[in-house]
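Q: Sequence:
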Amino acid sequence: MDPLGRMLCTAETFRAMTRAVMQAADDLCGGRLVLVHEGGYSEAHLPFCGHAVIEELSGSAIRAPDPLGATLEKRQPDARFNAFAETWIDDLARFHGTYPG
-19 MDPLGRMLCT AETFRAMTRA VMQAADDLCG GRLVLVHEGG YSEAHLPFCG HAVIEELSGS
41 AIRAPDPLGA TLEKRQPDAR FNAFAETWID DLARFHGTYP G
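Numbered by my numbering, the letters in the sequence shown go through residues -19 to 81 in order.
The hints are simulated quantities; they were obtained by calculation from the structure and are not laboratory data.
Treat the hints with care, since some could be wrong.
Ranges of calculated distance between the beta carbons of each label pair, as one might list FRET restraints [unchecked claim]:
| no. | residue 1 | residue 2 | range |
| --- | --- | --- | --- |
| 1 | 69 | 1 | 34 to 44 Å |
| 2 | 79 | 39 | 36 to 46 Å |
| 3 | 34 | 56 | 18 to 28 Å |
| 4 | 77 | 19 | 34 to 44 Å |
| 5 | 64 | 15 | 17 to 27 Å |
| 6 | -13 | 76 | 22 to 32 Å |
| 7 | 79 | 14 | 36 to 46 Å |
| 8 | 64 | 38 | 34 to 44 Å |
| 9 | 77 | 24 | 19 to 29 Å |
| 10 | 0 | 67 | 40 to 50 Å |
| 11 | -15 | 13 | 22 to 32 Å |
| 12 | 3 | 30 | 18 to 28 Å |
| 13 | 71 | 15 | 33 to 43 Å |
Remember, it's a predicted structure, so these values are computed and weren't measured experimentally.
Think of the CB as a built atom: it goes at the ideal place given N, C-alpha and C, for glycine as much as any other residue.
Kindly produce the complete structure, drawing on both the sequences and the hints.
A: Now the structure itself:
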């Protein structure tokens, strides 16, 4: 629900990103991890995403339901959009002479 980035991230997205960063920290630096919360672009949704991060960090089984999750899932790009985006990126790469294929 970020009006600037329009990333359409759900609380589950933040949980998964936290899990991935925790795994990287385990693999690369003995599990040391520092997280900084720099602000919030969706005052209504941010608490649920932040809670998901804390859930994952703590290993808590308590889940706060994401009230916007179902709506955001419906707005995610589908295979047709992904194919369009890939074609568009390839066309731009060819135009600029950077296409590897």
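Q: Next, verify each hint and record whether it holds.
A: Results of checking the hints against the structure:
At about 26 Å, the beta-carbon gap between residue 69 and residue 1 misses the expected band of 34 to 44 Å. For the hinted restraint 36 to 46 Å between residue 79 and residue 39, the CB-CB distance of approximately 45 Å keeps it satisfied. Between residue 34 and residue 56 the beta carbon distance is about 24 Å. The supplied range of 18 to 28 Å therefore holds. The hinted window of 34 to 44 Å between residue 77 and residue 19 holds, with their beta carbons roughly 39 Å apart.
Taking 17 to 27 Å as the suggested C-beta distance range, the pair residue 64 and residue 15 does not conform, at roughly 34 Å. A hinted range of 22 to 32 Å for the beta carbons of residue -13 and residue 76 is consistent with their spacing of about 26 Å. A hinted range of 36 to 46 Å for the beta carbons of residue 79 and residue 14 is consistent with their spacing of about 39 Å. Range check, residue 64 to residue 38: Cβ separation about 40 Å, and the 34 to 44 Å hint holds.
Checked against the given bound of 19 to 29 Å, the beta carbons of residue 77 and residue 24, roughly 45 Å apart, lie outside it. A C-beta distance of roughly 28 Å is found between residue 0 and residue 67, which places it outside the suggested range of 40 to 50 Å. Look at residue -15 against residue 13: about 23 Å separates their beta carbons, and that is inside 22 to 32 Å. For residue 3 and residue 30, the Cβ-Cβ distance of about 20 Å falls inside the hinted range of 18 to 28 Å, so the restraint holds.
Checked against the hint of 33 to 43 Å, the C-beta distance between residue 71 and residue 15 comes to roughly 38 Å, which is consistent with it.
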